[in-house]
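Visitor: Now for the letters of each chain:
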Amino acid sequence: MPTIELNKITKTFGNHVAVDSLSLAVPQGSVYGFIGPNGSGKTTTLRMIMNILYPDSGEIHVFGEPLRPSSCDRIGYMPEERGLYKRMKVREVLEFFGGLKNGDGIGEKVDRWLERLQLAEWADKKVETLSKGMSQKVQFIVAVVAQPELVILDEPFTGLDPVNTESMKDAILELQAGGTTVIFSTHDMSMAERMCDFIFMIFKGRKVLDGTLASIQDQYAADTIRVRTRDGAAALRDLQGVERMNDYGQAQELRLAPDGDPHAILQAILERTRVQSFEIMKPSLHDIFIRIAGSEAKEVEHA
Amino acid sequence: MRKVLRFAAREYIAAVKTKGFIIGLVLAPLMMGGSLIAFMLLKDRVDTTDKYIAVIDRSGVIAPALIEAAEHRNAKEIFEEGTGKKIRPAYFFERVEPNKDDPKAQHLALSDRVRKGELYAFLDIGPRVVHPEEDREAFRISYYAKNAAMDDVRNWISWPVNNELRRLRLADAGIKESDVRDLFSWISVDGMGLLSVDESTGNIEDARKANPIEALVIPIVIMMLMLLMIMMSVPGMLQSVMEEKTQRIAEVLLGSIKPFEFMTGKLLSGIAVSLTSSAVYIVGAVIAVKYMGYEEYVPFDVLPWFVVYMLLAIVMFGAISAALGATCSEAKDAQSLSFPLILPAIFPMFIYFPVVKEPLSSFATWTSLIPPFTPLLMVLRLCTPGSVPTWQPYVGLVGVLLCTLFFVWAGGRIFRVAILMQGTPPKLANIVRWAIRG
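From first to last, the protein sequence lines stand for chains S and G. Using the working numbering, you'd call the opening residue of the first sequence number 1 and step up by one each time. Using the working numbering, you'd call the opening residue of the second sequence number 1001 and step up by one each time.
Just to be clear, a hint being listed does not mean it is correct.
Claimed, not checked - Heads up, simulated SDA-like pairs for lysine to any residue below, C-alpha to C-alpha not over 25 Å straight-line: (1) S:K86 to G:I1022; (2) G:K1290 to G:D1301; (3) S:K86 to G:F1021; (4) S:K169 to S:R116; (5) G:K1017 to S:M88.
Calculated directly from the structure, the hints in this document are not laboratory data.
Pulled out of the complex, with its shape left as it was, chain G reads as follows (with noise of 0.2 Å):
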């Protein structure tokens, strides 16, 4: 054992001292913390350039409210009350009328025009809006213009429109629209956490009201979080073996040590490195979350799950990444490893949505009891606000050790038989071969 931690401390030692272990230590931090800073700083900072817009409305009723709503709106909205300032943009509606005899030869024009930049936007209103029926071309309201996609001006449209549309509609049947406020007041169901009793005091607890955060936001960066210490040492690993591989550096250690502890070191050296990086990315959340004020979200009973899956996970991932280095005789090799090595690890992310939008259902269950893809899933389960079952967590942990423990096993078969073959190209086959036969 004291090979092991000489041989360990050596590489911890060699991992921090690069100055890609430093700079990506607080450059990492530093990126997600500044996206989310930029996020915050430019989200209300819009162009507040004025936009025209031209308006074609075949039903020749709604153009004239929406003129209206939008002089409304310039006149109260878009500007900073005390200063001033102008701090949304002014919107325009000009009204064209339609060309029956040929609209798409109108629609051509108009797309010139915001093309040239003369409009900012065009809007074509069917004939049949008020009281659609069957034919849907008659009640379409189209709006064109560069990205219309994600256009805050066709957002804002909807809402006089329809609001017009109403009012119409109930004046068609007679209603007075004062007579029926209530009926357009939309009520949001509002989702709300269990209730509980608090063990210390025997008082039950209120529920919280649910929070997009909490349920979103907070699992997803732990899950990240876990996924950056892997992706921090396991790749590493291999890197480090090939090279003392190809350096020969491997058979002058293994005059002094046994191959299985040659890759214990590895394996432990890369445990000290994400603990290391982790022990300063979970002190400094804690302070980013104190300091936003968001810690009430922060599932801090899930930390020791956290800790114990992150060192399995190392442990399992990097017995194969520290075998797989063992294979490799030049560069070349271990570029081509590195993807399907990573991939296990990096599979939870593509799934990641269904699991946590829907954390107890059958394929979050059992797709969390997958070995290679428990540490992530079931620590993105633990965090979101459902409760897991109790049993699920500890199963879990019996699969990735099992596994971690077979992966250590066929690892150190393999990088005992690698580790000296020169010229040999780590081909599935070979490796495969070499983990059963030893």
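Looking at chain S on its own, in the form it has when it is part of the complex (with noise of 0.2 Å):
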């Protein structure tokens, strides 16, 4: 029984279609990643699924039951907007935010979390008193806290430097490890590839990608070319064969023309440079996602 099961669901504000007839199953115990780029709609989606907003037509199933009011007590959610009451404790807010989905035994649920993201001496101070990174935490906490079984989280590791971005991926990871569903939108894809049992892709409101990132890139023929040369990008210009290429620096990625041949092409850039590694490969979701969303995802990328 999945543990989300969206039917047919679409919203629209004023004459804007934000959801387009969204069907979507989520298997229960799953880590689930919503990508897309901005204003693609992920955001409205997770907000029906907590009731916040009402789709205009379609079915709404959570736990195998219709969607209702008291089903948002079994889901934590950490919306993409971070709020916290400033002025109250750490520890306070957390458990006033914990009482309301289940107050059972509130206070030993929030010294624990506490002390799992390195907060405890934190759990005294006041929310205005913290950084960034650990608001973020304190919020992610608020949403796990009531031991949901599911979680929602929106762009959970925005902002959060690599230590804290790896003490959430393990938070989330454990909480799988207990049985919990797991859905996050992001932005950091190589992050989606390495967290996610499955990836769901909506464009425009509507839904391009769903499957795991196996069954995705096998939609994708092996047309990318990974390499590395002595003289980077400068000497991989106009090559016979490739259609674009993207410059990471250290490497480049080359996606091939239809008509492309890869040995062609290693033997033009044999003939340039010298060649470090040269590796032929599905493109990754990056690619997926930039070939999917044009440029409209620019923005994303260079964020």
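Each of the two chains sits in its own frame; use the hints to bring them together as a complex.
Guide: In structure tokens, the structure reads:
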């Protein structure tokens, strides 16, 4: 039984169709990544699952039942825009929000999570004294402290340094190991590739990708070459059979044209420079994202 | 309901822990009580500097009597008996011959003397004051001073001048004043309440003498108290919802509670805040009136109506306040909405006087049955000594209940749509559309 089942849900704001006949099934105990350019409908979808917005049409089932307000007691939610009562102490704010969901033994749960995310010494400090990273961790604890069966995190890694990102990632995987279903939206494609059992991409309100990373990549041919050379991108310009080059500085990714031949391309590169590595591969999630979202995703790419 | 109460408890604690609430709770009665105490202490403190007044007596018959009356007053009335301490100023009148050729120049010269402080005022008595005829200028008595409108000297002058005029008129008519002394015995009409029967003993209870404190001061104070309770909680709801929206706390809350529970929690905390402050004020007021000996004038039977109407008013205005708070995306929006929000609450203050003067008039009755004005105006009317028909507070209550339900319903719809909406200004057309379409 899927934890979440969306059946042709549609949501419009005025004349703008934010989510268009979207269907999705999130298996229990999975980590499901939502990706898509800004304004594509990710947050609207998550808000509909949280019963904050109501779909104009379609059905939402959560835990095998039609979505109802009480369902949200079993769901933890971390919205994209973070918000905490700044004048309350960290422990007070966590006990308050945890108590709204499930107040049983909330004090102990709060202590455990504060310890787990290295915030114990800040428990009696006011929220306004916390750094941005610490506030984000507190916001994460708000979502998970009541031990929900489903956790929805809207861009949980935005603004975190690598240390806090790792600690947040470990916490999410620990939740999954405990049987919790986790949905998170992200613009960090590598994080989605590494963490998610399933990836769902929404673009202009419609589902464009849904499945495991392998199944998504299988939809695309092995049309990408990752290459490292002595002279970098300068030596790779205007190669016959290459449709597009992505320059990552230390390495470059070349997308083959439909009639492109990797052997001919390797030979052409060898004539220009010394090759340090050459790998034929399927496109990365990042590359797939760019192919689908095109120019509209560039702001995300450079963010 | 558990969530609503938990949320309301947080809101209540957050509200009563603020310095603003604590200071307001202490300061408001101190300011009100303080001004009363200051009035009581200062009302007998008068300026005892002697006053010099010039008199232009064109009749030629009034000035001597005025000077004589002032001398009598200076000898008998300005010193405290026993201590001999001067408690009032002496009045000295200086007779000035009228300048018939250029009266304006004479008035200007005397005005300059007043400005310089040589004189306190000057008086011009018309030539025909004893027997006034058609020419009004001929029997005018004019008093010129820096602040002639509020002037004890002017008030005092009226008595000796009119006493002398009466004496002169009687003399001209050939009547001795001692023969008709009763003619001038003015008897005022005492205002009395109505008699009633004590239901427990069956005895007829005497009517009480009507008292301005009972008829005017107590109803206004009680109405002001209710307004204060409303103002202590309602605008705060707008502010706190706006803060929760702009600080992005609202969406976190909406992950746990429904928008209607969110708004209900706000309203319950507003009620709790008002009950806290009203408990403090009512207990304080009861102690104060007992201490001052005015308890017989306080209509304690109105207290249940006061509490019921106050709670409904807070819910009625609070629902709209919370809904408007949800429409604000920045503090500037909240500032511009604050006044329209409180206007219906404070409107009864603009019309309280005709209502308290004639609480049974059609105007008072109908305005007090308009739901947004009912809580304040009905309680005001119930506090007056006149008997408001028994059905009226109940009809008013039904109107307020219906209006409150409508406001909560509309407020809930506006709140649900607006709370997550960013960048849409709170225009009236948008607010009405959200209320209608939900």
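Visitor: Provide an ascending list of the numbers of those earlier hints which the structure does not satisfy.
Guide: none
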